[in-house]
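K.L.:
Sequence:
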Amino acid sequence: MKRNGKRVLVAAAMLGLLFLGGCGKYVSSHSAFGFVHTGSDKAAEMRFASFRGSQIFTMQVDGEAGGQIRYSASLESGAATVYYDTDGTKRELFSITAGENVDAAGGELVKGKLYVIVETTENCKNGEFRFSIQ
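Using this note's numbering, read the sequence shown as starting at 1 and increasing by one per residue.
No lab work stands behind these hints: they were computed from the structure.
One thing to keep in mind: the hints can contain errors.
Below are the DSBU-like pairs computed for lysine-lysine, each with C-alpha atoms no more than 30 Å apart in a straight line [said to hold, decoys possible]:
1) LYS42 to LYS125
2) LYS113 to LYS90
3) LYS125 to LYS111
4) LYS113 to LYS42
5) LYS125 to LYS90
6) LYS111 to LYS25
7) LYS111 to LYS42
8) LYS90 to LYS25
9) LYS42 to LYS90
10) LYS111 to LYS90
11) LYS125 to LYS25
12) LYS25 to LYS113
Distance windows between CB atoms, simulated [claimed, not checked]:
13) ALA105 to GLY39: 13 to 21 Å
14) SER29 to VAL102: 20 to 28 Å
15) GLY112 to ALA49: 15 to 23 Å
16) LYS25 to ALA105: 18 to 26 Å
17) GLY112 to SER31: 15 to 23 Å
18) GLU122 to ARG91: 34 to 42 Å
19) ARG130 to ASP87: 21 to 29 Å
20) GLY34 to GLU108: 31 to 39 Å
No residue lacks a Cβ here, since even glycine has one placed at the ideal position from N, Cα and C.
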């Protein structure tokens, strides 16, 4: 009886870890140096000395549909594409390459969760990305 109880406990713990670790629609996966990121329900930002991979921010859109994402970004080297998902469809918000600065608003938001996805396919250096719900 003790043996079966231990198996049940281990199985329950594994299921708990599976649900805790895999409950988001998107998952951040990156290699970074000097990386700082913050996020809240209405704003998010990331800065780094070196970054390669993806970073996911989750925000909350309240009220009526029709809002936009206010964003700014700069990148010394490399290239990145930023996507958003507010209705189950991943859409491109903007792209940035080495030496560019971006400051704009875009996207069409609906009430509910908003995912902002920063993706790079190469190593990027000295970057900064900021997002807020407008």
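K.L.:
Hint by hint, where does the structure go against what was stated? Just the numbers, ascending.
P.N.:
3, 15, 17 and 18
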